[in-house]
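**Q** Go ahead and model the full structure; you've got the sequences and the hints to work with.
When we follow UniProt numbering, the leftmost residue of the sequence shown carries the number 1, and every step to the right adds one.
Source of the hints: derived by calculation from the structure; they are not laboratory data.
Here a beta-carbon is modelled for each residue, glycine too, at the ideal position from N, C-alpha and C.
Please note that a few of the clues may not be correct.
Derived CB-CB ranges, DEER-like [to be verified]: (1) 47 - 102: 19 to 27 Å; (2) 24 - 91: 31 to 39 Å; (3) 47 - 117: 17 to 25 Å.
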Amino acid sequence: MKPLVLVVDDNDRYANNLKTYLQENGCEVLRAIDASQGWDLYLANKHKLKAVITDITMETQTSGLWMIRRIYQDGFEGIKVIATTGFDVSGVMAISKYFLPWFAGIEYMVPKVPLKKGEVILLPTSGVFSDFLSKLKS
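**A** Listed below in C-alpha cells is the structure:
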C-alpha cells in the first residue's frame with residue numbers, strides 16, 4: 001500500500017512539484033488548495049495519512065500554520081511538514097527549527113526557492129539528518 005500524503009498549498013506550481021516528487025517516490029497524494037479544504041481532507045483521511053505538508057500562508061496570513069497546529073493538537077502521529085518562502089531568508093530557518101516542533105510538531109521544513117525550480121528539499125527540524133522518504137514508508 002502506498003503512503004498517503006496530504007499537500008496543502010494554494011500555489012499550483014509548488015503543490016505540483018511536491019506532488020510529482022511524492023508520486024515519483026511511491027506515494028499517493030491528496031491536494032487541498034487552502035487550509036479549510038486541507039482540514040476537511042485531514043479529518044476524512046486522518047487514519048490513513050502518513051504525512052501532511054502545508055504552506056505556511058495561504059488565504060490568510062497564518063492559515064497553514066494554524067491548520068497544522070490543529071492537526072498536531074488533534075494527536076496526528078504522522079509526519080508534519082511546513083513549507084514557506086520565509087525559510088529562504090537568512091536566520092529564519094535557524095529560529096524556526098526550534099519554534100515549529102514545539103508549536104505544531106513540525107518535523108521537516110521545505111524552503112520554497114528550490115521548490116519553485118522543482119527541487120524538493122526536506123530539512124529536519126531536529127538538526128539530525130533523518131530521511132523523510134524512509135520515515136514515510138516505515
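**Q** Confirm or reject each hint.
**A** Now the hints, each set against the structure:
About 26 Å separates the C-beta atoms of residue 47 and residue 102, a value consistent with the hinted range of 19 to 27 Å. As the Cβ distance of residue 24 to residue 91 is approximately 32 Å, the hint placing it in 31 to 39 Å holds. For residue 47 paired with residue 117, a C-beta distance near 35 Å fails the hint of 17 to 25 Å.
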